[in-house]
Amino acid sequence: MKRALPAIIFALILIALWQLAAELKLINPIFFPSPGRTFGELYMQIASGRLWQPLGATALRMLYGWLLACGLGIALGAAIGSSRAAREYLEPLLDFLRPLPASAIIPVAILFLGLSPAMSTLVIAFGSLWPVLLAAVHGFKSTEPQLVELCETLEMRRGEVLLKVALPGALPDILSGVRVSLAIALILAVVTEMQASLPGLGQNILLAQRSFRSPELYAGIVVLGIIGFLVNHGLLVAERRWLRWRAASV
Amino acid sequence: MRGLVIPSVLLILWEAGSRLGVLPPDSTSRPSDIVRAFVQAMADGSLLRDTWLTFEAALLGLVIAGVLGILLGAILGLSPRTERTVGPSIEALRPIPAVALIPLALLVFGFGLRMEAAVVAFAALWPVLLMTVAAVRGVEPRLLELSRSLEFSFSQQLMKIVLPAAFGRIAVGLRLALAISLVVAVTVEIVLNPRGLGHSMIGAQQALRSDLMYAQLLWLGFVGWALNKVAQR
Numbered sequence: 000m001k002r003a004l005p006a007i008i009f010a011l012i013l014i015a016l017w018q019l020a021a022e023l024k025l026i027n028p029i030f031f032p033s034p035g036r037t038f039g040e041l042y043m044q045i046a047s048g049r050l051w052q053p054l055g056a057t058a059l060r061m062l063y064g065w066l067l068a069c070g071l072g073i074a075l076g077a078a079i080g081s082s083r084a085a086r087e088y089l090e091p092l093l094d095f096l097r098p099l100p101a102s103a104i105i106p107v108a109i110l111f112l113g114l115s116p117a118m119s120t121l122v123i124a125f126g127s128l129w130p131v132l133l134a135a136v137h138g139f140k141s142t143e144p145q146l147v148e149l150c151e152t153l154e155m156r157r158g159e160v161l162l163k164v165a166l167p168g169a170l171p172d173i174l175s176g177v178r179v180s181l182a183i184a185l186i187l188a189v190v191t192e193m194q195a196s197l198p199g200l201g202q203n204i205l206l207a208q209r210s211f212r213s214p215e216l217y218a219g220i221v222v223l224g225i226i227g228f229l230v231n232h233g234l235l236v237a238e239r240r241w242l243r244w245r246a247a248s249v
Numbered sequence: 000m001r002g003l004v005i006p007s008v009l010l011i012l013w014e015a016g017s018r019l020g021v022l023p024p025d026s027t028s029r030p031s032d033i034v035r036a037f038v039q040a041m042a043d044g045s046l047l048r049d050t051w052l053t054f055e056a057a058l059l060g061l062v063i064a065g066v067l068g069i070l071l072g073a074i075l076g077l078s079p080r081t082e083r084t085v086g087p088s089i090e091a092l093r094p095i096p097a098v099a100l101i102p103l104a105l106l107v108f109g110f111g112l113r114m115e116a117a118v119v120a121f122a123a124l125w126p127v128l129l130m131t132v133a134a135v136r137g138v139e140p141r142l143l144e145l146s147r148s149l150e151f152s153f154s155q156q157l158m159k160i161v162l163p164a165a166f167g168r169i170a171v172g173l174r175l176a177l178a179i180s181l182v183v184a185v186t187v188e189i190v191l192n193p194r195g196l197g198h199s200m201i202g203a204q205q206a207l208r209s210d211l212m213y214a215q216l217l218w219l220g221f222v223g224w225a226l227n228k229v230a231q232r
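Protein sequence lines, in the order shown, are assigned to chains A and B.
Terminal number for the first sequence in numbering that gives the first Met the number 0: 249, no gaps in between.
Terminal number for the second sequence in numbering that gives the first Met the number 0: 232, no gaps in between.
Keep in mind that the hints were calculated from the coordinates and are not lab data.
Glycine included, every Cβ here is placed at the ideal spot set by N, Cα and C.
Honestly, I wouldn't trust all of these hints.
[As the list claims (entries may be wrong)] Residues on chain A that point at chain B, a partial pick, calculated with CB under 10 Å:
#	residue
1	Phe-9
2	Ser-81
3	Leu-99
4	Ile-105
5	Val-190
6	Gln-208
7	Phe-211
8	Val-230
[To be verified] With a cut-off of at most 25 Å between alpha-carbon atoms, the simulated SDA-like pairs for lysine to any residue come out as follows:
#	chain 1	residue 1	chain 2	residue 2
9	B	Lys-228	A	Leu-133
10	A	Lys-140	B	Arg-1
11	A	Lys-140	A	Pro-91
12	B	Lys-228	A	Glu-90
13	A	Lys-24	B	Leu-106
14	A	Lys-140	B	Lys-228
One chain only, chain B, in its complex shape (with noise of 0.2 Å):
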């Protein structure tokens, strides 16, 4: 309960101060305001449908990051040999900020839902990949032998053995990459891709249209916040 006593100063704060003229009245719109707009932007459609565009691009890539971070973080956990040849490789990829590759996705998909999917999945990759080479380490040795007296191929191996047992760890990577694919798809809208959230926000603020985009704004904390919370369950 007192966590709500902060936010509720603030915002009867900001009411009074804009009705009373303090604070500058294009930048900082009501929170009435705000709320009408957000009433509105829900009853018309379109704030669902720009969630669902963000949410597109977020979840495709972060499909492609988890097949991908799976697959490879269980051959690179499975043999030590093929990590140290290719791991350095691919390792060297890992410090490049997912943001500096949103031009090079552009120049090969332009605009639109492949480009910013693209981004995603480069940015979420990584944790899902750590924590599986981490989890498939971790199963236990035995169970491998086993599996290779039964000489189970290598996708048997894998789907019956490694990653039931790994499967705890992994989806801890898979958590830490839902959080990061919401802030990848956001951000790739905002810097230059036309559609979903970000875009719309970027929309709102040229337009003048402050008070909507406090209400996008808001939104899409909610949406973020509630994410985090289903996701720990």
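If we strip away everything but chain A, and leave its shape as in the complex, we get (with noise of 0.2 Å):
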């Protein structure tokens, strides 16, 4: 706590300056309004439910196009991961997909899906595929090869080795490609939104910007930057407890 004093000092002082500078008018209040102002806005927000609705609309969002992407990446990994055959023949497609920006699928996704929750959903699932994709690929390549040959001595049907001996070898790989996936997916969440004006916290910044309500479009980025942090700490802490046994068995 003794350690933290100075930190916490030394934020309040960053916020009370916010606030004289916002008081003052050194900058521009129609974009800078005060800590005051943003705070209060969200208190407001708050105690008068408005915040839920978007806010849940745009989690479902990331939610729905997230597991899409994680069953489709941990399946599509699997069989990529274990087979040489299949690594040598998609392996360059892959290489060439990834680094497309996510974001550039959406006037394709558009054409076939229209503005619709449908589109994102697609488009989010496709932005946050990669990462769950490469990790599982790379978890099930590097599979024990000991351990799968004796899996064949026991004579283990192909689809029980990967459920049972290649899956949690490479479910560390798997779960902080899954980490990084759902960034992805908040942030395609609030592109979406923004793009084909569907219901969320991202439309809503959008709109409290058009119409120059600035305190609103600041609380909206407070909370985005709030579910930011929940999102990758949550997934942090079940990452520690569901990999206790390796920690434990190295």
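The task is to assemble the complex, starting from two chains supplied on their own in separate frames and drawing on the hints.
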């Protein structure tokens, strides 16, 4: 606590300076509201319950796309990672698709699905697929060969080997990929909401900007930052818990 | 060579499918039309101009992020006390998705290069900053003691000792930032900034020129891929 004191004081000084600069109108108040007004707006949104609907919409959008990406990424990753032939045929194609900005497929997705929630889910799933897929390929590829031989002598079926031996071994890789994916899913949820006018926090902050309601805009950014933080740390905690068996065995 | 098999098969099926009328012609133009649109966009210079506009914003943002990230990173890395005091306040900004700042950047700068570069700079700052802090902390402490006994000023210490010693890992951060900056620039253009490749793609889609849109998409894929290859050298 004592070590954290300077950091807390510094943060409070920053907020005080922000408040002062805004009160004195040193910076244009149209895009620089005071922290008082920003957090007041946030408090109002929470107290009146106006916050929950867009928050839920964005969170669900993010989760749907992400879950789709996880399912697809792990399944594909298992198929590609555990077979040398599949790797030789598919890896160059994946190499080409991976650096493609996920938002670049928004026009294509709009062409097929229009400005719909399905479009948004597709874009989120596509964008957040890559970290899971690459991590899963890597994880399944590095399954201990001796374990595989053991399974062969035990005459286990291929599916069984994947599920009981390769998957637990690949789990650490997959979980770190899954975490990166969720961060990307949040970004793309916001992007598609802004681009396609779908209800949610992304659309709200864009509307706040268009009508110059800067406290609302800042409050929206704060909320998105909090979601970003919770998402990352939630999965970090889960990762530590699920991988405890591994730390013990190493 | 085997890597080419699946893309080739897909292309042939695509061309055949649209010639036989199996695929919807509005949303899936033929590969041959896409090639024609690509050649045309290359010939009239529009594709290269758009690519430059996107790169301009990405690079400007990257330079801002690079300078800011290395400077801040060096200060925080060299002084643990400053890091403990200032670090958490900076860290609090990190989870904000960069795209959430698009409306704010628009409010401050209006449409154009500056707002795009600002969003890119925010997104690209973090890998540079984190790698620089880690790299500076890893600098041989005796080198720093030496520079102190030589009574170097902070900028001398930075330019003559710290940055040369930490350069390898900082370069890794810059490489990550480069990839991010292109992605974010295109994203800002697709969402609302009327310039560059991202905006052209949305324009082609709205004008129902799906051949041109796919040509731009494949070009963007190629550029991103080539950039990654070059950066890995």
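A quick look at each hint next to the structure:
Because the closest C-beta pair between Phe-9/A and chain B is about 5 Å apart, less than 10 Å, the hint holds. Taking 10 Å as the C-beta cut-off, the interface hint given for Ser-81/A is violated, the closest approach to chain B being about 17 Å. Annotation: Leu-99/A was flagged as interfacial toward chain B, and the flag holds, the nearest CB pair being 5 Å apart, inside 10 Å. For Ile-105/A, the suggested interface contact is upheld, since its CB lies about 5 Å from the closest CB of chain B, less than 10 Å.
Hint status for Val-190/A relative to chain B: holds, with the closest Cβ pair at about 5 Å, below 10 Å. Against a cut-off of 10 Å between C-beta atoms, the interface hint on Gln-208/A holds, since the closest Cβ of chain B lies about 4 Å away. Nearest Cβ of chain B to the Cβ of Phe-211/A: about 7 Å, under the 10 Å cut. The hint holds. With a cut of 10 Å, the hint placing Val-230/A at the interface with chain B holds, because the nearest CB-to-CB distance is about 8 Å.
Pair hint Lys-228/B plus Leu-133/A holds up; C-alpha atoms about 17 Å apart against a cutoff of 25 Å. Under the criterion of a C-alpha separation no larger than 25 Å, the hint pairing Lys-140/A with Arg-1/B is consistent with the structure, at around 19 Å. For a cut-off of 25 Å, the pair hint linking Lys-140/A to Pro-91/A stands: about 16 Å separates their Cα positions. Restraint check: the Cα-Cα separation between Lys-228/B and Glu-90/A comes to about 15 Å, which is no more than 25 Å; the hinted pair holds.
For the hint pairing Lys-24/A with Leu-106/B, the CA-to-CA distance comes to about 16 Å; that is within 25 Å, so the pair holds. With a CA separation close to 23 Å, the supplied pair Lys-140/A and Lys-228/B stays within the 25 Å bound.
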